[in-house]
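Next come the chains, spelled out residue by residue.
There are 2 protein chains.
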Amino acid sequence: MTEPSSPYPQLRVNSDRFRADFDELAQIGATPEGGVNRLALSPEDLLARAWFADKIEAAGLTVKDDDAGNLSGVLRSRDPAAKTLMIGSHLDSVPNGGRFDGSTGVLAALECLRVIKENNITLPVHLEAISFTDDEGCWRSLFGSRAVAGLLTEDDIEDRRVDNAPFRAALTRAGIDPRKVFHAERPSSSLAGYLELHIEQGERLARADKDIGVVVGIVGRTTYRFTFYGQAAHSGTTDMYRRRDALRGAALFIVRAHDAVREKYGDGVFNCGGVVVKPGAFNIIPSEADLLVECRHVNARLMSEMEMMIVQIARECAATHGLNFNSEQVAHVPAAHMDERIMAAIEQAARHLNLSTLNLTSYAGHDSQILSRITPCGMLFIPSIDGISHNPREFTHWENVIKGANTLLHAMLSYALAEA
Amino acid sequence: MTEPSSPYPQLRVNSDRFRADFDELAQIGATPEGGVNRLALSPEDLLARAWFADKIEAAGLTVKDDDAGNLSGVLRSRDPAAKTLMIGSHLDSVPNGGRFDGSTGVLAALECLRVIKENNITLPVHLEAISFTDDEGCWRSLFGSRAVAGLLTEDDIEDRRVDNAPFRAALTRAGIDPRKVFHAERPSSSLAGYLELHIEQGERLARADKDIGVVVGIVGRTTYRFTFYGQAAHSGTTDMYRRRDALRGAALFIVRAHDAVREKYGDGVFNCGGVVVKPGAFNIIPSEADLLVECRHVNARLMSEMEMMIVQIARECAATHGLNFNSEQVAHVPAAHMDERIMAAIEQAARHLNLSTLNLTSYAGHDSQILSRITPCGMLFIPSIDGISHNPREFTHWENVIKGANTLLHAMLSYALAEA
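Listed in order, the protein sequences are those of chains A and B. Going by this note's numbering, the first sequence opens with residue 1, and the numbers climb by one from there. Going by this note's numbering, the second sequence opens with residue 1, and the numbers climb by one from there.
A portion of the hints provided could be inaccurate.
Claimed, not checked - Cβ-to-Cβ under 7 Å is the rule here; a few derived chain A residues that face chain B:
no., residue
1, Asn96
2, Ala232
3, Leu247
4, Arg248
5, Val255
6, Gly273
7, Val275
8, Asn359
9, Thr361
10, Pro376
11, Asn391
Unchecked claim - Only pairs whose alpha carbons sit at most 20 Å apart, straight line, appear in this in silico SDA-like list of lysine to any residue:
no., chain 1, residue 1, chain 2, residue 2
12, B, Lys278, A, Pro32
13, B, Lys180, B, Asp67
14, B, Lys64, B, Arg225
15, B, Lys278, A, Gly280
16, A, Lys278, B, Asn37
These aren't lab readings, by the way, just hints derived from the structure by calculation. For each residue, glycine too, the CB sits at the ideal point set by N, CA and C.
Starting from the given sequences, assemble the full structure and let the hints guide the process.
Here's what the structure looks like:
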């Protein structure tokens with residue numbers, strides 16, 4: 001049997017220490033249902049950041065926070081001119097989210113750096129365990145990684161299109177100067193790459209009975225606000241055939257759009273995540289229904305086709321009920337490909353650890369989707385029980401977390417050494 | 001030509017004085033769109049009540065407020081043992097409602113009492129121009145009239161089924177002791193009847209080119225909270241065919257219920273006035289959709305059939321999408337019949353004034369629906385432009401308001417004198 005080589009074959013993360021970190025972090029913003037509420041820049045998120053900074057210091061690493069609130073622990077190379085290999089994820093959560101999403105990746109990165117430091121391993125790159133600001137988009141989706149990639153625009157901060165005052169206030173409360181977030185941009189030449197461990201948030205690994213998912217690409221994602229405008233009127237006295245009921249039109253859209261995406265776009269994803277109805281009383285016909293709409297597809301051309309179809313369905317449903325309609329694109333992130341060399345490093349690390357792998361597309365957006373525009377990126381997934389995510393019941397067996405962390409450790413070492 | 005007799009044939013309301021009141025009241029809680037926001041017990045509602053009390057005093061009438069916050073101007077009969085004929089409506093509005101709903105009836109009643117007092121007319125009943133608390137149901141639908149009719153229960157005030165603390169706080173802020181609201185009940189034997197002028201909130205008078213609607217009955221009304229429970233999950237990563245999307249099921253219900261009521265219940269009315277979606281983010285599959293549902297029908301048996309159909313549709317839509325479902329009845333007011341003698345008095349008054357009439361059913365709930373359980377009730381409607389109501393664009397030509405007020409004046413006089 002020819003054992004695949006690894007530069008430090010016996011190296012492993014410290015499972016107990018990692019677990020203690022994980023359990024401590026899960027207490028910050030813990031919800032009664034067993035999940036976490038750590039919306040970006042909320043008091044809970046700020047507590048988690050302070051806790052992470054303490055852990056970085058305790059590990060003897062250098063605390064670094066940039067002008068967009070990204071927070072890192074750095075293990076410097078002896079070569080002051082070395083590039084930086086970032087490894088990380090995010091500490092923020094969706095509302096009432098799970099304990100694993102983001103946290104696992106950040107803490108795995110920290111643990112890897114601790115192990116490398118303890119073993120006095122010398123690398124030709126600086127290592128940076130990083131937590132990116134607002135990955136989940138409580139304020140601005142993938143804000144921290146967009147800042148690093150130089151993709152923020154004045155519209156993200158100023159009041160050109162929308163009132164950004166609450167966002168600026170939240171940044172300021174977190175000690176981030178809204179006028180300086182652009183300074184977080186890093187030159188591509190300073191970076192060696194970015195690696196992220198994350199839960200799969202799906203069931204493909206479990207169904208295929210594999211340990212490690214090697215991400216080959218990330219789907220594109222577009223979000224819209226769709227607003228249907230009707231006429232408020234007394235619900236009892238208005239002729240049933242002359243109503244302009246904004247909610248009735250919106251409901252028809254939700255039903256039809258779900259059906260059409262399933263019928264025509266096998267790899268497409270559609271979600272209507274929320275509706276706000278005005279004025280919102282038992283006895284008033286709704287005058288306005290404001291929908292949160294999201295589309296994902298891995299193929300840019302089909303994605304664009306699918307988006308056009310969805311807007312067209314909305315227009316038809318509005319017309320059916322005599323409503324006016326407006327659509328506003330809120331966010332767009334194009335599909336991304338992961339770096340071949342990093343994918344190979346992950347494969348090799350998994351083989352070294354006798355773990356099975358599966359290549360897969362990520363249907364969730366991640367910071368690597370953004371960072372892949374400026375530096376080579378790679379991601380590895382670990383199995384999620386029943387695929388549940390963005391939910392307090394999100395769960396991954398600790399054994400799988402450790403398998404993922406050890407794969408991350410060996411993949412980053414071999415990739416970092418190859419940089420020399 | 002045989003002119004129908006009226007006890008005081010030349011008597012008319014003072015249009016200018018009435019109009020000045022109307023315009024003043026419309027300023028209280030005025031919205032930029034030209035409507036009013038005077039939610040029951042809100043600061044605006046309390047201002048309107050204080051203004052009304054001043055007007056009552058200025059007219060030389062007696063201010064009376066009962067333990068449920070109903071506010072009246074009383075013109076006492078010389079007979080201290082006389083019964084009371086109530087005339088009125090409500091000063092509260094729906095959110096962003098119109099200027100005519102409720103206000104017109106309260107101010108017409110006040111104006112009628114002023115005219116009767118000025119003309120030193122002696123009647124065998126006390127007259128009471130009354131504004132009932134929370135007709136619109138911002139807190140508890142038809143609260144004031146239910147208190148007078150002795151239909152309040154401990155559930156309306158105490159925390160047996162729901163948390164009523166905010167309602168109790170609102171009552172207390174308005175100077176109403178929550179423990180004493182039951183004291184507002186009046187014995188049936190003390191009452192001669194109740195008369196109300198109201199805008200039609202529909203288009204039947206205008207289409208038939210009639211001046212005055214003589215209400216023969218009021219539809220029954222039931223409201224429900226329907227809740228669909230699914231499972232929150234990541235919108236990108238969860239298999240499109242294994243989602244338990246609460247909003248998708250709720251939307252299907254809204255579409256199907258609207259279609260089914262129109263198809264099977266020609267006289268039935270259905271409204272879904274609001275939806276609250278949890279957790280409510282672009283990238284989370286909705287775990288909960290909470291709907292405000294309302295049914296109306298003039299026939300009790302068909303009403304009950306229709307309600308069962310709607311609940312059944314909701315259960316089917318929930319099952320289709322793997323959701324759990326719960327329905328909670330929030331309010332139920334049975335259909336009501338108006339008093340024949342009062343209807344005749346309205347007819348006779350309109351004939352005296354050379355106004356045309358149309359008998360019609362009210363598809364809106366009114367305090368007379370409640371009060372008809374303890375005393376004879378009658379209502380007259382005046383035309384609403386385009387039937388628009390519960391909307392800032394609600395409008396009635398002033399000429400029609402005056403026709404209605406004069407009909408009210410003569411109807412109450414002939415009914416009051418017949419009481420002797």
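Results for each hint:
The beta carbon of Asn96 (chain A) is positioned within 7 Å of a beta carbon in chain B (closest approach about 6 Å), and the interface hint is therefore held. A distance limit of 7 Å between C-beta atoms decides the matter here; for Ala232 (chain A) the minimum to chain B is near 5 Å, and the interface restraint holds. With a cut of 7 Å, the hint placing Leu247 (chain A) at the interface with chain B holds, because the nearest CB-to-CB distance is about 6 Å. The closest approach between the C-beta of Arg248 (chain A) and any C-beta of chain B is roughly 6 Å, which is under the 7 Å cut-off, so the hint is satisfied.
Nearest Cβ of chain B to the Cβ of Val255 (chain A): about 5 Å, under the 7 Å cut. The hint holds. Hint status for Gly273 (chain A): holds, given a least beta-carbon distance of 5 Å to chain B, under 7 Å. Taken as an interface hint, Val275 (chain A) checks out: its beta carbon lies about 5 Å from the nearest beta carbon of chain B, inside 7 Å. Among the interface hints, the one on Asn359 (chain A) is violated; its C-beta lies about 16 Å from the nearest C-beta in chain B, farther than the 7 Å criterion.
Because the smallest distance between the Cβ of Thr361 (chain A) and any Cβ of chain B comes to about 10 Å, over 7 Å, the interface hint for this residue is violated. Because the beta carbon of Pro376 (chain A) sits about 23 Å from the nearest beta carbon in chain B, more than 7 Å, this interface hint is broken. This hint holds: Asn391 (chain A) has a C-beta 4 Å from the nearest C-beta of chain B, less than the 7 Å allowed. Among the hinted pairs, Lys278 (chain B) with Pro32 (chain A) is consistent with the structure: their alpha-carbon atoms are about 16 Å apart, no more than 20 Å.
Taken as a hint, the Lys180 (chain B) and Asp67 (chain B) pair is honoured in the structure, with Cα atoms around 6 Å apart against an allowance of 20 Å. For the suggested pair Lys64 (chain B) and Arg225 (chain B), the alpha carbons sit about 36 Å apart, so the restraint of at most 20 Å is broken. Among the hinted pairs, Lys278 (chain B) with Gly280 (chain A) is consistent with the structure: their alpha-carbon atoms are about 16 Å apart, no more than 20 Å. With a C-alpha separation of about 14 Å, the suggested pair Lys278 (chain A) and Asn37 (chain B) falls inside the 20 Å cut-off, and the hint holds.
Hint compliance for this structure: hints 8, 9, 10 and 14 are broken, all remaining hints hold.
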